[in-house]
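Each protein sequence line maps, in turn, to chains A and B.
Under the working numbering, the first residue of the first sequence carries the number 1, and numbering increases by one thereafter.
Under the working numbering, the first residue of the second sequence carries the number 1, and numbering increases by one thereafter.
By construction, these hints were calculated from the structure, which means they are not laboratory data.
Honestly, I wouldn't trust all of these hints.
To be verified - Reference listing, derived: stretches of chain A covered by chain B, where coverage requires no fewer than 3 residues with Cβ under 8 Å from a Cβ of chain B:
no.	segment
1	80 to 91
2	95 to 103
3	107 to 120
Claimed, not checked - Partial list, derived from the structure: chain B residues whose beta carbon lies under 8 Å from chain A:
no.	residue
4	Gln-299
5	Asn-304
6	Gly-306
7	Pro-312
8	Ser-481
9	Val-482
10	Pro-484
Idealized CB from N, CA, C, for every residue including glycine.
So you can see what is in the structure, the chains are spelled out below.
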Amino acid sequence: MNHTWRTQLVVAGLAAAMLEACGGNNNGPNSETDASFNDAVVPGADALTPDGEGPGPDGGGGMPPDAGDASFADAGDGGCNFATFVIGLVTTDTTMTALPSTSLGQGCTDDQNQADFQPLFP
Amino acid sequence: MRMQRTVTALSMGLLIALPVAAQASSHREAPFVTKNPKVDGTDLYAFSSYETGRAGFVTVIANYLPLQDAYGGPNYFELDPDALYEISIDNTGDGVEDLTFQFQFQHALAPSAVDGGAPGLSLSIGYADGGSAQTVAVPFVNLGDVSMPANLNVKEMYTVNVVTGPRRSGATAAITNATTHAALFAKPTDNIGPKSFPNGYAAYASNFVYPITIPNCSTPGKMFVGQRAESFAVNLGPIFDLIDAPKAVVTGTMGPAVVPNPLAKKNITSLELELPASCITQSATQPVIGVYTTASMRQARVLNPGATYTVPSVEGGAWTQVSRLGAPLVNEVVIGLPDKDHWNSSDPKDDAQFAKYVTNPTLPAIIDILFGPGLAPQLFPRTDLVEAFLTGVPKVNAFPNTDAGPGPATVEELRLNTSIPATPLATQNYLGAAGCFTSGMLNTTASTCDPAGFPDGRRPGDDVVDIALDVMMGYLIGNASVAPAFNVPFTDGVQQMASQFDNAFPYLKTPTAGANGDGT
Chain A
1 MNHTWRTQLV
11 VAGLAAAMLE
21 ACGGNNNGPN
31 SETDASFNDA
41 VVPGADALTP
51 DGEGPGPDGG
61 GGMPPDAGDA
71 SFADAGDGGC
81 NFATFVIGLV
91 TTDTTMTALP
101 STSLGQGCTD
111 DQNQADFQPL
121 FP
Chain B
1 MRMQRTVTAL
11 SMGLLIALPV
21 AAQASSHREA
31 PFVTKNPKVD
41 GTDLYAFSSY
51 ETGRAGFVTV
61 IANYLPLQDA
71 YGGPNYFELD
81 PDALYEISID
91 NTGDGVEDLT
101 FQFQFQHALA
111 PSAVDGGAPG
121 LSLSIGYADG
131 GSAQTVAVPF
141 VNLGDVSMPA
151 NLNVKEMYTV
161 NVVTGPRRSG
171 ATAAITNATT
181 HAALFAKPTD
191 NIGPKSFPNG
201 YAAYASNFVY
211 PITIPNCSTP
221 GKMFVGQRAE
231 SFAVNLGPIF
241 DLIDAPKAVV
251 TGTMGPAVVP
261 NPLAKKNITS
271 LELELPASCI
281 TQSATQPVIG
291 VYTTASMRQA
301 RVLNPGATYT
311 VPSVEGGAWT
321 QVSRLGAPLV
331 NEVVIGLPDK
341 DHWNSSDPKD
351 DAQFAKYVTN
361 PTLPAIIDIL
371 FGPGLAPQLF
381 PRTDLVEAFL
391 TGVPKVNAFP
401 NTDAGPGPAT
411 VEELRLNTSI
421 PATPLATQNY
431 LGAAGCFTSG
441 MLNTTASTCD
451 PAGFPDGRRP
461 GDDVVDIALD
471 VMMGYLIGNA
481 SVAPAFNVPF
491 TDGVQQMASQ
501 FDNAFPYLKT
511 PTAGANGDGT
């Protein structure tokens with residue numbers, strides 16, 4: 001599985017997890033495939049799911065209290081990918097009520113791979 | 001003499017609500033907005049309408065996108081369709097908005113003239129490979145008189161929602177056109193020049209002043225959004241070149257109008273509302289409002305490597321505030337450079353965190369270095385500034401009580417007492433309520449008194465630069481032993497006055513035309 005494909009799967013899984021956590025916000029571009037990806041192909045998602053089990057810079061994987069619905073993105077640097085982090089922000093919550101994430105993904109690995117963002121431009 | 005220079009403790013508060021300082025209201029004042037000029041709020045006005053027949057209405061004007069050169073084609077100065085522009089009103093004095101007017105913009109190319117063709121105006125240029133006519137999109141925003149819809153290549157529209165309660169969680173309803181009931185409004189094309197507006201830009205733009213139905217308000221208001229002539233006057237270049245002007249100019253020896261306004265031919269984009277005072281105040285017995293404007297962007301933006309007109313980028317995530325403006329000049333010359341972006345992202349209710357910039361202001365010290373020594377006040381902390389800067393003036397424009405309890409909260413907003421009647425344009429004093437002081441005492445019967453002006457709200461003709469300079473240099477202290485220059489009429493040498501503006505909504509002048517070479 002190449003890097004881009006793997007990233008897309010993780011992104012899709014993330015989106016599904018987020019949508020579930022957010023009560024079914026379907027604004028993201030991957031919404032049609034969320035369920036299957038969430039169930040089947042997100043081996044790395046534990047570090048990125050809303051329960052924040054991964055070792056993050058916030059100390060123990062907890063979500064920033066004011067991070068709103070985008071808090072899933074505060075996965076910390078325990079394996080998080082910057083493209084995934086950004087796509088998570090972009091696709092998760094476009095409502096008027098969400099608060100910004102206080103995590104900026106600065107600890108995430110940035111592959112600087114333009115193709116990582118391809119899911120946003122179908 | 002423009003005004004008396006002796007002030008008592010009572011009057012200290014009054015002028016100070018105007019916050020502080022001097023220079024270029026809020027144009028390019030913080031590092032981040034210089035990268036995003038479309039969300040750079042530059043000036044905010046709030047005043048009781050002085051147009052004939054409009055008593056009981058309040059006009060609020062929020063200017064964005066600074067220092068527009070009128071000839072800046074071919075795309076000119078659209079607002080950001082991916083941003084959220086807001087005008088918030090706190091009518092309880094707690095620093096939390098009670099009403100918010102949310103503006104969102106959209107733009108679209110003209111529909112294709114050919115079935116199935118790409119959008120946008122086009123011309124038939126020769127022939128394609130198959131022998132059919134070749135249609136090619138044009139590179140400009142118009143092809144002919146803009147007032148004819150078929151000639152317009154880009155149409156800019158907007159919606160306005162009113163949020164009752166906190167802006168991110170309150171109840172939302174749309175403003176609609178009081179005549180057509182539509183919720184989508186057109187924004188006029190910028191003033192390209194006389195060939196694109198052969199019947200005159202003023203007549204064209206007047207078609208975009210809308211009567212509006214405001215949710216939960218039985219009286220219609222007015223709305224205009226579009227390009228206007230820059231309304232701020234300041235000696236901008238020399239000010240930031242370490243106030244490169246003779247001391248005689250700065251200290252007012254030559255009067256308040258020494259040099260032309262460098263911004264005179266610039267344009268600005270204005271978001272204007274005229275609202276019934278009864279619909280935006282808490283009650284008839286609590287007529288004060290605190291106004292501020294903010295702009296927010298989505299938290300994340302991903303650039304499209306295959307950019308198109310409709311998708312140059314994808315933006316998403318929570319709205320994240322990047323610009324904030326209440327009273328003029330605060331972030332420009334009071335807040336320190338390391339905190340300017342933070343100020344823009346902050347909420348008024350949290351303003352106590354910036355108190356040191358008011359209690360120990362740097363601008364007087366800088367003026368002292370440049371033109372002193374012996375000019376700057378030496379009374380610290382500047383409790384006079386703090387009290388009025390953050391709370392308003394009791395019995396003038398302060399909230400008597402807040403939701404949080406008795407007494408005013410420490411909040412930076414543009415405060416307006418809507419119960420003070422408007423002053424007709426012809427008799428407005430460019431020093432606003434500052435002219436209400438005689439021998440240091442508040443005297444509303446003084447011949448120079450114009451209580452309907454800054455710092456009781458702000459009108460376009462109020463010379464906030466001169467007022468603020470005087471205040472920063474100790475005008476309100478009125479004691480030469482600690483404020484040796486309190487009686488010096490400091491000025492930037494560029495005068496702002498009511499006669500520079502219109503006498504009716506939208507008040508700000510027709511924008512400078514881009515054509516004619518010199519921007520006239």
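Is the interface hint satisfied for Gln-299/B? The criterion is a beta-carbon contact with chain A at less than 8 Å. Holds. Min distance 5 Å.
Restraint outcome when Val-482/B is required to lie within 8 Å of chain A by C-beta distance: Violated, about 43 Å.
Coverage criterion applied to the segment 80 to 91 of chain A (partner chain B; beta-carbon cut 8 Å; 3 residues): With 5 residues close enough to chain B, the hint holds.
Can you tell me if the segment 95 to 103 of chain A counts as covered by chain B, using C-beta to C-beta distances under 8 Å and a minimum of three residues? Answer holds; 6 residues pass the 8 Å Cβ test.
Regarding the hint that Pro-484/B lies at the interface with chain A, is the smallest CB-CB distance below 8 Å? At about 47 Å, which exceeds the 8 Å cut-off, the nearest Cβ of chain A leaves the hint on Pro-484/B violated.
Against chain B, does the segment 107 to 120 of chain A show at least 3 residues with beta-carbon separation below 8 Å? holds (count 3)
Supplied contact hint for Gly-306/B, tested at 8 Å Cβ to chain A: This hint holds: Gly-306/B lies near chain A, its Cβ roughly 7 Å from the closest one there, short of 8 Å.
Quick check on the hint: Pro-312/B CB to chain A CB, less than 8 Å? Status violated, d = 11 Å.
Classify the hint on Ser-481/B as holds or violated, based on whether any CB of chain A lies nearer than 8 Å to its CB. It is violated, given that the least Cβ distance between Ser-481/B and chain A is near 48 Å, above 8 Å.
Hint check: 8 Å Cβ-Cβ cutoff, Asn-304/B to chain A: The hint holds - Asn-304/B has a Cβ within 8 Å of chain A, the shortest such distance being about 5 Å.
Hint violations for this structure: numbers 7, 8, 9 and 10, all remaining hints satisfied.
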